[in-house]
Amino acid sequence: MDYLRAHARAIDNFVRVANIIANLDIILLEAKNLSLTAKNARVVALRAGDSAFGFKPITNFIDEFSDQTIRITKSIAELSNKLFAMALAVVRASEFQAHLQRTSELLDHPQLLHLRRGANEELLQSARALESAVFELAGFFEDIQKHMRSAEYIAVTSRVEASNAGEFCDSLQSVSDFIAGAAKKIKQAVSENLKEISQLRGAMR
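With the first letter of the sequence shown counted as 1, position 43 gets the number 43 in full-length UniProt numbering; the numbers rise by one all the way through.
In short, the hints are calculated from the structure, not lab data.
You can trust all of the hints, since none of them are fake.
Quick list of in silico lysine-lysine cross-link-like pairs, DSSO-like style, CA-CA up to 27 Å: (1) Lys185 x Lys82; (2) Lys185 x Lys146; (3) Lys32 x Lys187; (4) Lys185 x Lys74.
Given these sequences and hints, build the entire structure.
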């Protein structure tokens with residue numbers, strides 16, 4: 001039955017939203033780790049002096065994109081909380097709609113038609129609000145992807161600079177490796193979320 005399929009779809013979408021929120025923890029943790037790494041790298045670069053001269057501006061870049069990622073992730077977290085409530089509202093509206101549909105199949109009453117129209121309108125409004133929030137969320141994740149592409153480029157550049165840092169080479173190389181690893185983890189989490197968002201948007205069409 002259509003109303004049962006709609007209810008099942010609403011529950012699937014609710015689970016997808018929960019998955020997106022869970023992946024946010026990974027992104028925020030790695031972004032905070034990147035920020036801490038930038039601070040540690042700056043200390044090492046200062047100790048290394050002229051031999052790590054080219055590494056100093058790199059730490060500024062790390063700081064910048066990690067801070068931007070943290071800000072974006074916090075904005076996403078706020079939006080995701082709303083998204084969670086919206087997805088729950090869609091589930092509840094679809095449950096009510098399904099309940100009225102089953103009741104109307106057993107009982108013919110004029111009041112039921114009025115209630116079903118109201119339930120359909122509520123479900124439609126909830127679904128539209130969820131779709132709008134999902135569209136906004138996709139834009140945030142695309143911004144983070146851009147930052148991580150920059151992070152990967154910086155990781156490559158920082159390896160070259162680290163190789164010229166003499167006795168501090170290994171310490172700065174480990175910074176480069178960490179940047180590359182963190183960027184990979186964040187990109188993976190973002191990719192999974194964009195996949196969930198794509199499925200959400202497809203299900204809501």
